[in-house]
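There are 2 protein chains.
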Amino acid sequence: MSLRYALLGLLRDRPASGYDLTQRFAQGIGRYAWSAKHSQIYPELRRLTEEGLIEVVGEGARGKKVYGVTEAGRAELRDWLLSEPKDGTIRNELLLRLFLISGLAPEDRIRILEDVEAETAKLAEQLEDTFKTLTDGTDDLPAGSYAAMFGVYSYRAMHNWARWALEEQHKRDH
Amino acid sequence: MSLRYALLGLLRDRPASGYDLTQRFAQGIGRYAWSAKHSQIYPELRRLTEEGLIEVVGEGARGKKVYGVTEAGRAELRDWLLSEPKDGTIRNELLLRLFLISGLAPEDRIRILEDVEAETAKLAEQLEDTFKTLTDGTDDLPAGSYAAMFGVYSYRAMHNWARWALEEQHKRDH
DNA sequence: GAGGCCATGTAATGAGTTACATGATTAT
DNA sequence: ATAATCATGTAACTCATTACATGGCCTC
Numbered sequence: 007m008s009l010r011y012a013l014l015g016l017l018r019d020r021p022a023s024g025y026d027l028t029q030r031f032a033q034g035i036g037r038y039a040w041s042a043k044h045s046q047i048y049p050e051l052r053r054l055t056e057e058g059l060i061e062v063v064g065e066g067a068r069g070k071k072v073y074g075v076t077e078a079g080r081a082e083l084r085d086w087l088l089s090e091p092k093d094g095t096i097r098n099e100l101l102l103r104l105f106l107i108s109g110l111a112p113e114d115r116i117r118i119l120e121d122v123e124a125e126t127a128k129l130a131e132q133l134e135d136t137f138k139t140l141t142d143g144t145d146d147l148p149a150g151s152y153a154a155m156f157g158v159y160s161y162r163a164m165h166n167w168a169r170w171a172l173e174e175q176h177k178r179d180h
Numbered sequence: 007m008s009l010r011y012a013l014l015g016l017l018r019d020r021p022a023s024g025y026d027l028t029q030r031f032a033q034g035i036g037r038y039a040w041s042a043k044h045s046q047i048y049p050e051l052r053r054l055t056e057e058g059l060i061e062v063v064g065e066g067a068r069g070k071k072v073y074g075v076t077e078a079g080r081a082e083l084r085d086w087l088l089s090e091p092k093d094g095t096i097r098n099e100l101l102l103r104l105f106l107i108s109g110l111a112p113e114d115r116i117r118i119l120e121d122v123e124a125e126t127a128k129l130a131e132q133l134e135d136t137f138k139t140l141t142d143g144t145d146d147l148p149a150g151s152y153a154a155m156f157g158v159y160s161y162r163a164m165h166n167w168a169r170w171a172l173e174e175q176h177k178r179d180h
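If you're matching them up, the sequences are chains H and D in order.
For the first sequence, the tail end lands on 180 under the numbering used here, and the numbers increase by one without skipping.
For the second sequence, the tail end lands on 180 under the numbering used here, and the numbers increase by one without skipping.
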């Protein structure tokens, strides 16, 4: 069910085609929160249209259909956002890896942690730039900027955790 | 494919039955990285046994079977952990919600952010206690302590992000 | 006109959840 | 004895990925 809310949310932000949505899932939101492939998106857009939660608001070249959220769709989304979160799906393959490294030989573990330490620093910086670009000039926060800043905080956290793990490693080495 | 590595990793940590694994997925690892239900675990344990990656190392009451990782299983897990991460599945329903709140009315958004701010502070503290309990007395880091500390860093990050979002909100209010 | 990207869709397969089903052991 | 928990399994269904399939538009 989460997919439909992700679609409603992205479309409320601004109207888009199935193709556009596929691109957006490949970055931002899809990197942290929820991703989907076009083969799942197109059928869901059809269903949402049938249920009156979205509608075609424009057409373009190559059979392009641009969808927008209806009033019913907005209400549906709001209801979901304000409902109790009850623990939903969590799936994060990268994290799974990190959780399992404790059984590796120390040199393998250290290599991986050092990789994480370096990668996350780079990613945090990149996202900080993204955030600055997004907010440059405007006085309010565009939709994507919450996600971008969340990414910055998250990567910094992973970075700090990797540093902590490496330090612990060194402590126990001698 | 991630499920089998999660199982190999948990079993390498210490032998366990399908039932035990189900419980462990319901906490720690299952809260942040990967979760699974017993109906998915039992068939996978059968397949892993058939492939010689795990084996029954003990039996108990009520038809209980305790599994342990074989040498082949250890090698398989290590190969996976040391392979290039290439972006894998990400699914996080709670985060999806947070990404979509930008379209809500300010008062709704603030309420949700304040909830997040309070909840994450509580969760971070709880996990810090868990970590202390886990490491109390021992000199090395038990497997679960990496996960616990990761949780601490993550919740603190979410907490700081929520505070940031609320501050931005106030700034733009007047 | 050739290659790359835009754009939509369906089919087959795999992964994951919910519901169904059964029975043993333990604590009260 | 009765309820709670331990313990394993299968069946039906839904959700998600990979592969198949088609064609228009744009740039060089």
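It should be emphasised that the hints constitute simulated quantities derived from the structure, not laboratory data.
The structure presented is a predicted model; accordingly, all values stated were derived computationally and were not measured.
Certain hints may be false.
Note: identical chains are not told apart, hence a pair may lie in one copy or across any two.
Stated by the list, open to error - Below, simulated BS3-like cross-link-like pairs (lysine-lysine); rule was C-alpha separation at most 27 Å, straight line: (1) Lys128 with Lys92; (2) Lys71 with Lys138; (3) Lys138 with Lys70; (4) Lys177 with Lys71; (5) Lys128 with Lys70; (6) Lys43 with Lys70; (7) Lys128 with Lys71; (8) Lys71 with Lys43; (9) Lys177 with Lys70; (10) Lys138 with Lys177; (11) Lys43 with Lys177; (12) Lys128 with Lys138; (13) Lys92 with Lys71; (14) Lys92 with Lys43; (15) Lys177 with Lys92; (16) Lys70 with Lys92.
Hints versus structure:
1. For the homomeric pair Lys128 and Lys92, the shortest alpha-carbon distance between copies (16 Å) is at most 27 Å, but the shortest distance inside one copy (34 Å) is not.
2. Taking CA atoms no more than 27 Å apart as the test, Lys71 paired with Lys138 passes in neither setting, with 32 Å inside one copy and 55 Å between copies.
3. Proximity of Lys138 and Lys70 under a CA criterion of 27 Å is satisfied in neither setting, with 32 Å inside one chain copy and 57 Å between copies.
4. For a Cα distance limit of 27 Å, the shortest separation of Lys177 from Lys71 qualifies neither inside one copy, at 59 Å, nor across copies, at 38 Å.
5. Proximity of Lys128 to Lys70 under the C-alpha cut-off of 27 Å is found in neither arrangement, the shortest distances being 37 Å within a copy and 48 Å between copies.
6. Only within a single protomer do Lys43 and Lys70 lie at most 27 Å apart by alpha-carbon distance; the minimum there is 17 Å, versus 40 Å between protomers.
7. In this assembly of identical chains, Lys128 and Lys71 lie within 27 Å of each other by CA distance neither inside one copy nor across copies; the values are 37 Å within and 46 Å between.
8. Proximity of Lys71 and Lys43 under a CA criterion of 27 Å is satisfied intra-copy only: 17 Å inside one chain copy versus 39 Å between copies.
9. In the homo-oligomer, the alpha carbons of Lys177 and Lys70 never lie at most 27 Å apart, since the shortest distance is 59 Å inside one protomer and 40 Å across protomers.
10. Proximity of Lys138 and Lys177 under a CA criterion of 27 Å is satisfied inter-copy only: 17 Å between copies versus 38 Å inside one chain copy.
11. Taking the shortest alpha-carbon separations for Lys43 and Lys177, neither the intra-copy value of 45 Å nor the inter-copy value of 38 Å comes in at or below 27 Å.
12. For the homomeric pair Lys128 and Lys138, the shortest alpha-carbon distance inside one copy (16 Å) is at most 27 Å, but the shortest distance between copies (31 Å) is not.
13. Neither within a single protomer nor between protomers do Lys92 and Lys71 lie at most 27 Å apart by alpha-carbon distance, with minima of 35 Å and 32 Å respectively.
14. With identical chains, the CA atoms of Lys92 and Lys43 are at most 27 Å apart both within one copy (26 Å) and between copies (17 Å).
15. Taking the shortest Cα distances, Lys177 and Lys92 never come within 27 Å of each other, neither inside one copy (39 Å) nor across copies (31 Å).
16. Taking the closest pair of Cα atoms, Lys70 and Lys92 never come within 27 Å of each other, the shortest separation being 37 Å inside a single copy and 31 Å across copies.
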